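**Student:** Protein chains in written order, with the working numbering: chain B, 68 to 400; chain U, 68 to 400.
The reader is advised that the hints may include incorrect statements.
Heads up, the list lumps identical chains together, so a pair's fine if it works in one copy or across two of them.
25 Å max Cα-Cα, derived SDA-like pairs, lysine to any residue [as the list claims (entries may be wrong)]:
(1) LYS72 <-> ASN181
(2) LYS352 <-> LEU275
(3) LYS72 <-> THR103
(4) LYS72 <-> SER379
(5) LYS72 <-> GLU176
(6) LYS72 <-> LEU277
(7) LYS352 <-> ASN229
(8) LYS72 <-> ARG185
(9) LYS72 <-> TYR385
(10) LYS352 <-> HIS222
(11) LYS352 <-> ASP243
(12) LYS72 <-> GLN200
(13) LYS352 <-> SER90
(14) LYS352 <-> ARG97
(15) LYS72 <-> VAL279
(16) LYS72 <-> LEU93
(17) LYS352 <-> GLY76
(18) LYS72 <-> THR290
(19) LYS352 <-> GLN109
(20) LYS352 <-> GLU113
(21) LYS72 <-> GLN180
Read the hints as simulated data drawn from the structure, not as lab findings. Keep in mind it's a predicted model, so treat the numbers as computed, not measured.
There are 2 protein chains.
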Amino acid sequence: MPSRKVVIGDVAAAAGVSPTTVSHALSGRRAVSDETRRRVLQVVDELGYRSSIIAQSLRNQQTNSVAFLVVDISNPYYPTVAQSVHDGLADEGYVSLIGITYGEPATEEAMLQNIVRRNVDGVIFQPMSLSPQDVRRIVGTLPLVLITDHEGELHADQVQTNDAQGIAEAVRHLGDRGFTDVGFIGGPDGRSPGTVRLASFRAAAHALGLTVADDWIEHVPFTRDGGREAGLRLLALPSRPRAIVCANDVIAVGLFDAAHMLGLDIPDDVAVVGFDDIEVASMLKPRLTTVCNPARDVGAACVEAVLSRIDSGPDAPYTVSSLPTVLVPREST
Amino acid sequence: MPSRKVVIGDVAAAAGVSPTTVSHALSGRRAVSDETRRRVLQVVDELGYRSSIIAQSLRNQQTNSVAFLVVDISNPYYPTVAQSVHDGLADEGYVSLIGITYGEPATEEAMLQNIVRRNVDGVIFQPMSLSPQDVRRIVGTLPLVLITDHEGELHADQVQTNDAQGIAEAVRHLGDRGFTDVGFIGGPDGRSPGTVRLASFRAAAHALGLTVADDWIEHVPFTRDGGREAGLRLLALPSRPRAIVCANDVIAVGLFDAAHMLGLDIPDDVAVVGFDDIEVASMLKPRLTTVCNPARDVGAACVEAVLSRIDSGPDAPYTVSSLPTVLVPREST
DNA sequence: GTGAAAGCGCTAACAG
DNA sequence: CTGTTAGCGCTTTCAC
């Protein structure tokens with residue numbers, strides 16, 4: 068049982084060289100004679116020496132870690148993004164610090180402060196309550212990638228999806244299939260990304276001359292429960308929409324629940340369109356027509372953005388990468 | 068635009084005190100006069116000073132971080148565990164380092180080495196390829212919680228679920244409903260947790276005198292594709308089982324796909340039981356009868372185990388917490 | 001109640 | 001090709 072943790076000095080002593088030489092034998096940043104390297108490596112192995120990344124971080128001012136702060140991972144969309152981020156970072160030798168904010172302003176701020184104090188090399192953050200300015204103020208010049216559809220002056224590199232495009236396609240698809248009365252179940256009022264999706268929906272419906280009664284628009288949390296409750300209200304209306312677009316797939320699942328409870332058939336009594344194309348979409352019966360939100364690509368874009376920002380430094384102009392969304396027609400319409 | 072990162076010395080200089088006093092004014096570990104504290108706090112605020120957790124970690128030999136290493140998060144079971152772990156750790160002021168190993172021995176080893184070098188305060192690890200001894204050898208005396216049903220000598224605190232219990236209940240349930248011919252779609256051969264679940268299935272079926280033909284047992288990956296392929300083979304058999312137990316819900320989804328492709332009705336042509344009770348289970352049509360695997364409780368148990376190990380030190384006896392699983396009967400049987 | 005000095009473990013000048 | 005020295009930013013003795 069080795070008593071104390073073995074440090075670089077122990078290796079140096081045992082190999083009869085200086086700590087500097089041990090360091091260089093391991094990092095290769097300075098030439099070391101073959102004989103010396105061999106001896107050092109052997110001692111390292113015998114003693115089971117593992118260099119302290121903490122000490123290296125303090126010295127080098129970089130931690131090889133990136134924080135990934137996300138609103139929620141109970142929605143299956145996010146684990147996919149997280150996985151893609153994790154894998155992309157791991158490939159480049161970075162470790163992922165993950166934080167779930169639940170969209171709480173206090174939590175968002177506290178987690179950002181904490182990860183700044185941890186000297187992470189970069190941050191990938193999906194803001195819900197904090198504005199881009201707020202976030203930038205907190206993280207200073209740290210490489211920062213925001214997952215948001217925020218418009219206006221840029222305060223960070225941004226990754227977003229072109230939701231309007233997919234929604235427009237979905238509405239057109241409904242029109243093509245002869246649905247003229249359409250409703251929408253959106254996220255919490257005034258919050259991204261629900262707002263953009265609702266606005267796109269209204270615009271597309273208007274352009275096609277479809278009917279959207281005022282009480283055919285619902286605002287609920289992005290949850291199955293939310294979808295069910297909104298669905299029960301919408302489907303009980305004396306004059307109800309014949310097709311409903313949901314701001315995400317999880318809401319659509321709730322709407323399926325509601326239709327089932329009311330004995331209504333999908334798509335004969337009411338057609339349903341989702342958003343995200345999470346795995347579940349193709350498990351439902353009927354399979355859910357939905358707009359594919361490319362989770363893996365979003366993750367990859369975030370990684371690319373944060374890594375190139377780490378490379379380029381804080382002065383390069385901010386970039387925004389906007390990923391396409393596309394309709395996946397299935398049997399719920 | 069503040070040029071350089073502000074450090075404790077800057078605060079000390081501006082407040083006209085020593086770094087020692089600043090440190091104590093902030094940590095409260097030593098008495099500081101009210102007047103001094105007030106001045107220090109004000110300067111901290113003006114300068115936007117944030118102490119470096121990296122430097123503190125090096126000095127204090129603790130990082131307030133815990134690593135969570137898991138096989139895969141594309142199976143929806145794991146995000147739930149991860150969330151529970153994250154929340155539990157965050158409550159106690161710990162940050163989560165998450166790693167996805169994909170069950171690769173090399174990745175498992177590399178990630179463990181890396182997080183040891185990062186001086187995490189504890190590790191929660193779901194081993195797939197490495198044995199508990201191997202893991203213990205790698206992490207030394209670090210607090211370690213293993214998510215595994217491994218039997219035999221303990222090398223770490225362990226969290227496991229009583230899968231046998233739930234499976235037995237499921238088989239009994241099938242017997243009660245009059246199914247006498249039963250099959251099983253399990254995970255990869257010889258790997259946990261598939262092995263335990265299969266063994267429990269065999270034992271329970273045998274005890275009840277149910278028929279289990281040799282070719283009614285399939286070994287596939289824990290994926291939807293795996294379930295579909297096994298399902299297609301099983302359901303095409305000249306003499307096929309009337310009920311099939313799946314080693315997890317994702318496999319069951321694949322089996323649903325297969326039944327659908329073959330025009331077979333669930334449960335009239337074939338009954339299906341899953342394992343885990345992930346959210347999707349109740350979204351399928353018919354809703355899936357399954358064994359509830361308490362993901363949140365597993366996460367909470369891991370957090371509790373790792374925290375109390377951090378408290379108690381390496382010499383306290385290892386604990387194992389075994390969580391119950393229970394059948395959730397729905398319409399697929 | 002406060003400060004000076006040492007040191008956590010490592011790497012990069014600088015010097016030979 | 002190798003070693004000595006200093007210092008990353010912090011906390012904690014030890015001393016007053």
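**Student:** Up to 25 Å between alpha-carbons, please classify LYS352 paired with GLU113: within, between, both or neither.
**Tutor:** neither (60 Å within a copy, 59 Å between copies)
**Student:** At most 25 Å between CA atoms: does that hold for LYS72 and TYR385 within a copy, between copies, both, or neither?
**Tutor:** Only across copies: LYS72 and TYR385 sit 22 Å apart there, 44 Å inside one copy, limit 25 Å.
**Student:** One pair to classify: LYS352 and GLN109, alpha carbons no more than 25 Å apart. Within, between, both, or neither?
**Tutor:** So LYS352 and GLN109 fail the 25 Å test inside a copy (62 Å) and across (61 Å) alike.
**Student:** Between LYS72 and ARG185, at a C-alpha cutoff of 25 Å, which is it: within one copy, between copies, both, or neither?
**Tutor:** Answer is both; intra-copy 23 Å and inter-copy 13 Å each pass.
**Student:** As a check of your reading, is LYS352 near ARG97 (CA-CA no more than 25 Å) within one copy, between copies, both or neither?
**Tutor:** neither (63 Å within a copy, 64 Å between copies)
**Student:** Tell me, please, which holds for LYS72 and SER379 at an alpha-carbon limit of 25 Å: within, between, both or neither?
**Tutor:** between (37 Å within a copy, 19 Å between copies)
**Student:** Up to 25 Å between alpha-carbons, please classify LYS352 paired with HIS222: within, between, both or neither.
**Tutor:** neither (44 Å within a copy, 46 Å between copies)
**Student:** For LYS352 vs GLY76, is the C-alpha pair at or below 25 Å within one copy, between two copies, both, or neither?
**Tutor:** neither (65 Å within a copy, 64 Å between copies)
**Student:** Is it within, between, both or neither when you check LYS72 against LEU93 at 25 Å Cα-Cα?
**Tutor:** Only inside one copy: LYS72 and LEU93 sit 18 Å apart there, 30 Å across copies, limit 25 Å.
**Student:** Cα distance capped at 25 Å. Does LYS72 pair with GLN200 within a copy, between copies, both, or neither?
**Tutor:** between (44 Å within a copy, 19 Å between copies)
**Student:** Cα distance capped at 25 Å. Does LYS72 pair with THR290 within a copy, between copies, both, or neither?
**Tutor:** neither (48 Å within a copy, 42 Å between copies)
**Student:** At most 25 Å between alpha carbons: which applies to LYS72 and LEU277, within, between, both or neither?
**Tutor:** Classified as neither: same-chain Cα gap 71 Å, cross-chain 57 Å, threshold 25 Å.
Consistency with the previously given hints fails for numbers 2, 6, 7, 10, 13, 14, 15, 17, 18, 19 and 20, ordered from lowest to highest.
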